[in-house]
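Order-wise, the sequence lines are chains F and Z.
Heads up: the first sequence runs through residues 6 to 112, numbered per my numbering.
Heads up: the second sequence runs through residues 2 to 515, numbered per my numbering.
Please keep in mind that the hints were generated in silico from the structure rather than gathered at the bench.
All values reported here derive from a predicted model rather than from experimental measurement.
One or more of the hints may lead you astray.
Said to hold, decoys possible - FRET-style restraints, in silico, Cβ to Cβ:
1) Ile-209(Z) x Val-53(F): 15 to 25 Å
2) His-373(Z) x Ala-14(F): 48 to 58 Å
3) Ala-258(Z) x Ala-40(F): 33 to 43 Å
4) Val-18(F) x His-373(Z): 17 to 27 Å
Every residue, glycine too, gets a C-beta built ideally from N, C-alpha and C.
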Amino acid sequence: MPTDRDLPATVLVIDDTAYQTTATRKFAERRRWVAPDPRAVVAHIPGVVCTVYVKVGESIRRGDRLLVLEAMKMQNDVPAPCTGRVKAVHVIGGQMVAKGERLVELE
Amino acid sequence: MSLDKKLKEHAKRVEVAQQGGGPKAQEKQRAMGKLLARDRITAILDEGSFHEYDMFVEHRCQDFDMDKKNLAADGVITGTGTISGHPVCIFAQDFTVAGGSLGLAHARKICKIMDHAVKLGVPLIGVNDSGGARIQEGVNSLAGYGEIFYRNTLASGVIPQISVILGPCAGGAVYSPALTDFVFVVDKISKMFITGPEVIKTVLGEEISMEDLGGARVSTEVSGNAHFFSESEADCFAQIKRLVTFIPWNNRKRADAFPAKPPRPGPAISGIIPAEPTKPYDVRDVVRAVCDDSDFFEIQQHWAANIVIGFARLNGDTVGVVANQPLVLAGVLDVDSSDKAARFVRFCDAFNIPLVTFVDLPGYLPGVDQEHAGVIRHGAKVLYAYSEATVPKVTVILRKAYGGGYIAMCSRHLGADLVVAWPTAEIAVMGPEGAANIIFKREIEQAADPNAVRRGKVAEYSEKFANPYIAAANGHIDAVITPAETREFVIHAIAISSQKREERPAKKHGLPPF
Numbered sequence: 006m007p008t009d010r011d012l013p014a015t016v017l018v019i020d021d022t023a024y025q026t027t028a029t030r031k032f033a034e035r036r037r038w039v040a041p042d043p044r045a046v047v048a049h050i051p052g053v054v055c056t057v058y059v060k061v062g063e064s065i066r067r068g069d070r071l072l073v074l075e076a077m078k079m080q081n082d083v084p085a086p087c088t089g090r091v092k093a094v095h096v097i098g099g100q101m102v103a104k105g106e107r108l109v110e111l112e
Numbered sequence: 002m003s004l005d006k007k008l009k010e011h012a013k014r015v016e017v018a019q020q021g022g023g024p025k026a027q028e029k030q031r032a033m034g035k036l037l038a039r040d041r042i043t044a045i046l047d048e049g050s051f052h053e054y055d056m057f058v059e060h061r062c063q064d065f066d067m068d069k070k071n072l073a074a075d076g077v078i079t080g081t082g083t084i085s086g087h088p089v090c091i092f093a094q095d096f097t098v099a100g101g102s103l104g105l106a107h108a109r110k111i112c113k114i115m116d117h118a119v120k121l122g123v124p125l126i127g128v129n130d131s132g133g134a135r136i137q138e139g140v141n142s143l144a145g146y147g148e149i150f151y152r153n154t155l156a157s158g159v160i161p162q163i164s165v166i167l168g169p170c171a172g173g174a175v176y177s178p179a180l181t182d183f184v185f186v187v188d189k190i191s192k193m194f195i196t197g198p199e200v201i202k203t204v205l206g207e208e209i210s211m212e213d214l215g216g217a218r219v220s221t222e223v224s225g226n227a228h229f230f231s232e233s234e235a236d237c238f239a240q241i242k243r244l245v246t247f248i249p250w251n252n253r254k255r256a257d258a259f260p261a262k263p264p265r266p267g268p269a270i271s272g273i274i275p276a277e278p279t280k281p282y283d284v285r286d287v288v289r290a291v292c293d294d295s296d297f298f299e300i301q302q303h304w305a306a307n308i309v310i311g312f313a314r315l316n317g318d319t320v321g322v323v324a325n326q327p328l329v330l331a332g333v334l335d336v337d338s339s340d341k342a343a344r345f346v347r348f349c350d351a352f353n354i355p356l357v358t359f360v361d362l363p364g365y366l367p368g369v370d371q372e373h374a375g376v377i378r379h380g381a382k383v384l385y386a387y388s389e390a391t392v393p394k395v396t397v398i399l400r401k402a403y404g405g406g407y408i409a410m411c412s413r414h415l416g417a418d419l420v421v422a423w424p425t426a427e428i429a430v431m432g433p434e435g436a437a438n439i440i441f442k443r444e445i446e447q448a449a450d451p452n453a454v455r456r457g458k459v460a461e462y463s464e465k466f467a468n469p470y471i472a473a474a475n476g477h478i479d480a481v482i483t484p485a486e487t488r489e490f491v492i493h494a495i496a497i498s499s500q501k502r503e504e505r506p507a508k509k510h511g512l513p514p515f
């Protein structure tokens with residue numbers, strides 16, 4: 006078991022003051038937050054893509070069904086978040102996707 | 002039947018029951034590096050003190066040919082005994098009997114010993130080693146779990162409850178340990194999770210080993226579900242025995258007093274803290290320099306290490322220690338450290354254990370992940386737990402006590418009985434850098450040499466406010482003491498609080514932010 010004395014040295018800035026300290030494993034491995042791209046449709050839950058209803062270049066309106074994602078034994082409609090055109094489709098029917106994985110990109 | 006025959010029959014029945022799942026299953030258990038259930042109990046308890054109950058309990062399931070199956074003791078050993086002379090109730094699931102699976106009779110044995118523990122006012126120790134619900138018993142098995150959870154909840158804060166995970170403890174079963182006060186795990190043996198690797202792979206496509214998902218290291222380092230990590234079952238049992246000496250039998254008693262011992266000779270307490278407020282040090286060195294025999298029994302050592310919690314003795318009496326740890330993440334409060342401290346404060350309050358808090362923190366951890374994880378909600382637990390606690394509360398401010406962190410760490414304002422500060426203390430609304438950058442923002446921006454002006458203003462602010470005397474002048478702290486005086490001051494404060502009575506408004510229960 007690593008002791009906290011073995012944790013990686015780090016500098017933590019709080020209220021403009023830099024403290025010499027060490028990072029916990031959880032802190033060191035935390036994922037940096039990135040602003041979500043409103044034109045990228047990502048899987049909000051891990052699951053399997055059942056059917057994709059749109060093709061690249063197709064014009065769609067906000068709320069149109071893009072695809073169906075089966076997760077936790079439920080068939081979830083994935084609607085378009087905005088009106089626009091389909092720029093890319095990253096998945097096909099039957100594909101397993103992780104949470105946060107890009108499904109469709111709009112423009 | 003002659004008496005002799007009856008005695009022989011009894012001996013035979015005992016022998017059969019003690020074989021558990023039979024020699025083959027027992028051999029398999031040993032091959033996994035695990036002790037047998039009864040051996041675990043006798044290893045935890047004082048020699049010869051175990052008295053077994055319900056050895057001949059049988060299940061009533063008739064489905065799936067279960068009526069033809071005899072399950073020894075129905076897969077769980079229960080009874081009473083002592084640890085260092087303290088009475089305890091104990092149960093241990095027997096993995097050699099139908100995988101330690103929980104059926105209704107098995108659950109009722111556990112419930113019976115739990116009820117017994119509450120009635121007698123003694124700690125309950127549960128050893129978990131089970132594949133989960135006995136599927137053949139269907140919903141009756143679920144009923145069994147539910148009745149255990151209900152009892153865990155009713156016993157919470159009445160008797161100490163200790164869980165020892167010595168095998169798989171998965172699915173709903175793991176909620177019983179989660180409702181108890183202290184969870185012990187052993188490397189390579191303990192496995193705790195709600196959904197296992199197989200299900201996660203099927204549903205989510207994520208591949209992970211049992212060890213990485215809910216092994217002993219992960220449970221004590223990442224999730225914080227367990228409190229004590231051991232390399233072996235023997236080490237684990239030694240830790241349980243040690244824990245029991247620090248806690249009372251029940252909420253009406255105090256922990257046993259031991260002969261007072263001075264701290265062991267070590268580095269001078271006044272030399273532990275670096276002069277630079279940005280330099281780290283190990284706050285446990287301060288705790289050891291203050292407590293009896295320099296003996297500090299740390300809890301959740303590996304999780305949220307930016308706060309330190311544990312038991313120690315002062316003048317022979319148990320105290321609960323909470324201390325910010327500058328060595329890790331500068332000792333900030335964050336989601337995990339708040340949860341860790343708040344739960345411990347509530348345990349101490351429930352079981353009449355005085356609280357000693359050592360403060361050195363720059364504040365709360367900034368970050369999107371922290372805010373989105375609810376650092377407001379979790380941080381509030383620390384305020385709630387300290388404010389709610391009516392046991393003696395003593396606070397020692399070692400160095401930084403800034404902003405919300407100052408308030409949260411058992412300040413006078415949350416009802417501390419004694420707050421003292423070392424001359425190195427900096428009790429202020431925020432650190433000098435941050436404060437100067439806000440108060441003198443315009444002057445710094447408009448200066449010909451902003452950096453020089455900033456340095457000057459930071460020095461000016463530090464000089465004026467980064468000390469304990471403003472707080473002392475306002476009566477927010479009771480005394481400024483030298484590090485060498487700390488032990489005597491804290492012992493005195495706790496001694497004079499022994500008859501402390503603090504009433505709270507009558508209510509059904511409060512609503513802590515959990």
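- Which of the numbered hints are not met once you compare them with the structure shown? 2, 3
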